[in-house]
Amino acid sequence: MSAIAILARLTLLEASRRRMLLVALLMGAAFLAVFNLGFYFMLPTVVAGAGEAGSVGVGTGEFFNFVLMAGLYAVNFLSIAMGALLAADTLSGEVGSGTVQAIAVKPIRRSSIVLGKWLAFAILLAVYQILLAWGVIFSVWVQAGYLPPNPIPGLALMYLEAILIMTLTMACSSRLTALATGGVVFGLFGIAFLGGWVEQLGSFSGNTTAIQVGIVSSLIIPSEALWKRAAFEMTAPLVRLLGFSPFSSPSVPSDLMVAYAGAYVMVSMIVALWSFGRRDL
Amino acid sequence: MASALAIDTDQLRKLYGESVAVRALSLQVSQGEAFGFLGPNGAGKTTSIKILLSLVAPSGGTARVLGAPLGDREVRRRIGFLPEHFRFHDWLSGEEFLTLHGRLHGLEGADLRRRVGGLLERVGLASHGTKALKAYSKGMLQRIGLAQAMINDPDLVILDEPTSGLDPVGRLLVRDVIRELRERGTTVFINSHLLSEVEVTCDRVAFLKRGEVIHVGPVRDLDLEATSVTLRAGNLTPEVVKGLGTFGEVIHRDGDLVSLKIRSQRTLPEVTRFLVARGVDVYELTPHQPSLEQLFIQIVGTEGEL
Chain A
6 MSAIAILARL TLLEASRRRM LLVALLMGAA FLAVFNLGFY FMLPTVVAGA
56 GEAGSVGVGT GEFFNFVLMA GLYAVNFLSI AMGALLAADT LSGEVGSGTV
106 QAIAVKPIRR SSIVLGKWLA FAILLAVYQI LLAWGVIFSV WVQAGYLPPN
156 PIPGLALMYL EAILIMTLTM ACSSRLTALA TGGVVFGLFG IAFLGGWVEQ
206 LGSFSGNTTA IQVGIVSSLI IPSEALWKRA AFEMTAPLVR LLGFSPFSSP
256 SVPSDLMVAY AGAYVMVSMI VALWSFGRRD L
Chain B
1172 MASALAIDTD QLRKLYGESV AVRALSLQVS QGEAFGFLGP NGAGKTTSIK
1222 ILLSLVAPSG GTARVLGAPL GDREVRRRIG FLPEHFRFHD WLSGEEFLTL
1272 HGRLHGLEGA DLRRRVGGLL ERVGLASHGT KALKAYSKGM LQRIGLAQAM
1322 INDPDLVILD EPTSGLDPVG RLLVRDVIRE LRERGTTVFI NSHLLSEVEV
1372 TCDRVAFLKR GEVIHVGPVR DLDLEATSVT LRAGNLTPEV VKGLGTFGEV
1422 IHRDGDLVSL KIRSQRTLPE VTRFLVARGV DVYELTPHQP SLEQLFIQIV
1472 GTEGEL
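Chains as they are written, first to last, in the working numbering: chain A, 6 to 286; chain B, 1172 to 1477.
One or more of the hints may lead you astray.
Said to hold, decoys possible - Computed list of chain A residues with no C-beta within reach of chain B, every gap over 10 Å:
no., residue
1, Met-6
2, Gly-33
3, Ala-75
4, Ser-144
5, Ile-157
6, Gly-187
7, Ser-208
8, Gln-217
9, Leu-261
10, Met-271
Stated by the list, open to error - A few chain A residues that face chain B, going by a derived Cβ cut-off under 8 Å, partial list only:
no., residue
11, Arg-23
12, Val-110
13, Arg-114
Hints were generated in silico from the structure; no laboratory data involved. Using N, Cα and C, we set each Cβ at its ideal position, and we do this for glycine too.
So here's chain A without its partners, still in its complex pose (with noise of 0.2 Å):
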């Protein structure tokens, strides 16, 4: 077995034995339950409404998208979230408590510790948002017959901001502390989502200084800018049209964008191995 697949099972094993994968497990599970209920009590009324005023069909279908982009929305952030705390404190905290030394004395390479705990990260992630994007849309599905446009490309935009962000993590806890990390990346993240706003109502508005404002956040961190496209992707046809919605944007970040996204996550990646391959242990 290579030091990556040791060091990526070592990590998978610590959030099994550590029980965060069983709470994530826990929460999300709690999280589809609450958005089952709401849109089981919701779902008659909108029915009745939309056949009251004869119409079924037309306007129902914007309402389960709308229900369903208000889920994922909660799932990207809560991905973001997940994505964040898994990786803030995993190398300044080895350093810290010292676990790290028996480790690195090894006759394996120092980019090995980053990219296996990455791995195992990744592989968490991507179990944590299949599980929880998936029962959102398909509890819609379920009850209400709907599926969004494009799942498969929103989701895996919606994966590559949760990556972005825990990859981002990473680059600062090679170097920062666990609490220090948090706030740069929360901070960063607070940027980025306050820049997409002002980019929307710019947009909305015809102001293209705002929008300016909002295309330079998202070169300081991209994340809001990929979950504006996932959430295009996702919208249905009809609200795409109008231009506005509470998830999406008239502004849609381009194909550019997304690479800009894929680009600074390899350069996070970077800026992680170079720094935890020069740091004193």
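Model the placement of chain B on the given structure of chain A, informed by the hints.
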């Protein structure tokens, strides 16, 4: 011959900003030797070890470990390390823990299982192999840590404060293990401030002070150097007492009792001959070997190191 050295450092330096952790470490440890690395807290012992293990990059100087330059990954296959105040992943069982560290050394399958079993047995934890490390006592953790340092059957074992936190039984075990390693030809490098341990287990010692080696030599020689002698004798004339001064220094005289400081125990027979030739009635001639503790204070000084 360079290849006969397990550790060879030349002017190793480590600075943390303005403060100097290791000033100029030049040290040669032969293969198969048990070497004690002594010094007060903050003298730079742990930093020196970390440099040798490539955990910390030196600010200057060069070093070779088992013939390879610092940072060589392959040579680490032949090194075992027990960190100071070590903490391991305590949610692993003892067996899983040793298996993990064996795997990181590239060991697998039946060979690895055999070694894990053998080492658990060796450190007296055979019946605790399936227990999680968090349920281990401090002494048990130190033992499993020691087993971890031997999982790869290393040529060089570096132990940072191996007996800290151990009860007498545990200390005896560490001592036995070190002796076994030596018999097998393994080089053992022990970082310690427990001088009595080093005194018993090591061939040579180096004293470190403020990041510099201030004394290095065989343990046996250390004991022989600067020995004080108590003489109790009748009819001591001032001439005889004066004559004693040629062998060393008369520190104190109180009637029949004379305290004498001689350079080496090897002069003791000469002192005896001198006294007998002058018709002195010798009732007692007792050499006092200083303990390593006394030597330590003598060599390193008593001022605190912060």
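Exercise for review: Please flag the earlier hints that this structure goes against, numbers listed from lowest up.
Suggested key: Hint 1 is the one this structure does not satisfy, whereas the remaining hints hold.
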